[in-house]
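Peer 1: Here's the letter readout for the chains.
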Amino acid sequence: MRYSRMARTTVVFAAAVLAVSLAGCSDSGGKDSEDKPETGGGGKANTAEMTIAMVTHSGQGDTFWDIVKNGAETASAKDNVKLLYTNDDKADGQAQLVEQAINQKVDGIIVTLAKPDAMKAAVQKAVAAGIPVVSINSGSQFSKEFGALAHFGQEEGVAGEAVGEQLNKDGRKKAVCVIHEQGNVSLEERCAGVAKTFSGEVENLQVEGTDRPGVEAAVEAKLTASKDIDAVVTLNADIASASIKAKEAAGSGAEVATFDLNSDVVARMEKKEVAFAVDQQPYLQGYLAVDELWLYKQNLNIIGGGRPVLTGPAIVTAEQAPDLKKLTDNATR
Amino acid sequence: MSSTTTQPDDTTDERLLHRSLFSRLLGRPELGSVIGAVAVLVFFGLAADSFLRSMDTVLYAASTIGIMAVPVALLMIGGEFDLSAGVLVTASALVSSMFSYQMTANVWVGVAVSLLVTLAIGFFNGYVLIRTGLPSFIVTLGTFLMLQGANVGVTKAIDGTVTTKSIEDMEGFSSARAVFASTLSIGSWDLRVTILWWIVLVALATWILLRTRAGNWIFAVGGGGPAARAVGVPVFRTKIGLYLGVAVGAWISGQHLLFSFGVIQSGEGRGLELHYIAAAVIGGCLLTGGYGSAIGAAIGALIFGMTKQGIVYAQWDADWFWFFLGAMLLLATLLNAWVRKRAEAAK
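Here the protein sequences line up with chains A and B, keeping their order.
Note that the numbering used here has the first sequence beginning at 1, numbered continuously upward.
Note that the numbering used here has the second sequence beginning at 1001, numbered continuously upward.
One should not assume that every hint holds.
To be verified - BS3-like, lysine-lysine: derived pairs with alpha carbons at most 30 Å apart:
1) K115/A x K1341/B
2) K78/A x K1156/B
3) K44/A x K1156/B
4) K1341/B x K271/A
5) K1156/B x K272/A
6) K90/A x K120/A
7) K90/A x K1156/B
8) K82/A x K1156/B
9) K325/A x K1341/B
10) K1156/B x K31/A
11) K169/A x K272/A
What the hints assert, rightly or not - Here are some chain A residues the structure puts well away from chain B; computed CB gaps all over 10 Å:
12) L83
13) D117
14) L205
15) E220
16) A225
17) A242
18) I302
19) G305
20) D323
Quick caveat, the hints were computed from the structure, so don't treat them as lab data.
Cβ atoms here follow ideal geometry from the backbone N, Cα and C, with glycine treated the same way.
Sequences and hints are given; from them, build the entire structure.
Peer 2: What follows is the structure in structure tokens.
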């Protein structure tokens, strides 16, 4: 009796899914409006396959790290590299992943140093085991000290300073810097950088990045509480769109500027809803790190000659937006 | 002497005892939280000058928690947890967005498919819970982690990135936005439609709890499963129904998320399940089940929303935000518990 009822429920359910999917199509937008991707690609190196482990401090499903990973994957395909990507947003977890890579006897390790103290021992152990290490993203000042070959990244403070200067150019007087993850050193550094060069006043606002309606309400509250804020600086692209809605709801004339890009931000930049974005070219960080390890193995080359290689900050405005659109859709910018 | 004097009242059945409106009010589970809410309101009304003028934003913040806190409270009264509630909201939004986009369908088709999928996940939670007899904590923890992975994994597999493609230019988007994410301006206030959804859900849940047989069943299964079963309460159906209720809440919240932003970030929603549970508990639900109310949960969400927004309006040091939030919530709940204790002593 129960089973027959279950079976009936399943049939009804399946029929309902089918019915609604046949019910209506959209004449605008959607997959049908996409440009068909061009197939084909470059050649591939004929060097022996090497294995590279990439260990980042990314959380789950982060747009930014997705782009870094795409860069690393593209370079890996080109260089005949087997890429082992792992991530853990907790410091001890990330250090353990590096130790695992050492045990796997990989040919090279790419690591982020956002939590330098936790990573120090693991990185030094890898270097001692004769595995070349390349560091990416933040923490350039620790890279050489820990024994890494090269560093590809952006100095968070420098990027923040670039934002501050751009805000000066735009004639802004008071900015709020939206921190979406508590206790993240690089986010604090970005805001500190903004405060350093910006001639106006900067206030920080703490929000919870995983709750977008919550972010919107908090930014709206901030803009209502201090009416004189004329610039909102967000530290990642996903927070920017929530801030735009908040600004509209609060009836504020503040301009929104953001760190990092995604397709939504580029589209909004074209509509002038985002004044400018600071891109640190995450694709390059992944791509160059793999390339460096390959070059080092083949030819003992060191990109940057022992100094950190900066991939940003690059200021992006409405002018570049149309060209960037397709690239952000493919998660390479 | 005449013997017309009546007997003293002590022979009267205590169940028929007349109780004043005041003492009946004191016995309600939501009373303590109402007082807590008034205290928070007065506090921030004095501490932040723009707080009272901005009640529309405060209500919006409260409603996004409240839409989920109401079904979660019902589930908790029924004696179960749902840790997957936070990411279920994101999952629901992702299904809707990706289905519409990939099929180039009218967005309402995606909305309907999303409802079916979300209900199926809710059903899965309830079914596994009943069939295995495992605690709901572990069952829904499993669903939570699986969904968290699937949200990112499926989005990446289908869309190529971890954020969905914008469906803002697709057919049906504007009407769906009107239903799930519109704003109504009354005077200087911009009221979001989520507030309406929230009120409707509270009314519906209160009616179910207090006026229907299903409501009695919910209290009964929360009070004790075996005993409820022994007196003929359909425990299986009741618990499945409660999980389906959470799924409906997640569906509404998910569609709101989708139609207010047009794109969905697949990593969102983590940690929000605790906000929903917190709102229900602040509002007088017991963690052990069998006691609580939907109105209480709504007021719990209101306290949570007011505190979260109030701290920003009051312009307190941002570094201490979470400390203030925790302290205010603890104080509001302590006041709630104190009032309830006094009320019970006064009975």
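Peer 1: The structure should be examined with respect to each hint, and the outcome stated for every one.
Peer 2: Tested hints:
no. : hint             : in the structure
1   : K115/A x K1341/B : 48 Å, violated
2   : K78/A x K1156/B  : 22 Å, holds
3   : K44/A x K1156/B  : 25 Å, holds
4   : K1341/B x K271/A : 57 Å, violated
5   : K1156/B x K272/A : 29 Å, holds
6   : K90/A x K120/A   : 15 Å, holds
7   : K90/A x K1156/B  : 23 Å, holds
8   : K82/A x K1156/B  : 20 Å, holds
9   : K325/A x K1341/B : 61 Å, violated
10  : K1156/B x K31/A  : 15 Å, holds
11  : K169/A x K272/A  : 16 Å, holds
12  : L83              : 15 Å, holds
13  : D117             : 21 Å, holds
14  : L205             : 5 Å, violated
15  : E220             : 5 Å, violated
16  : A225             : 5 Å, violated
17  : A242             : 7 Å, violated
18  : I302             : 32 Å, holds
19  : G305             : 34 Å, holds
20  : D323             : 18 Å, holds
Against the hints set out earlier in the document, violations occur for numbers 1, 4, 9, 14, 15, 16, 17.
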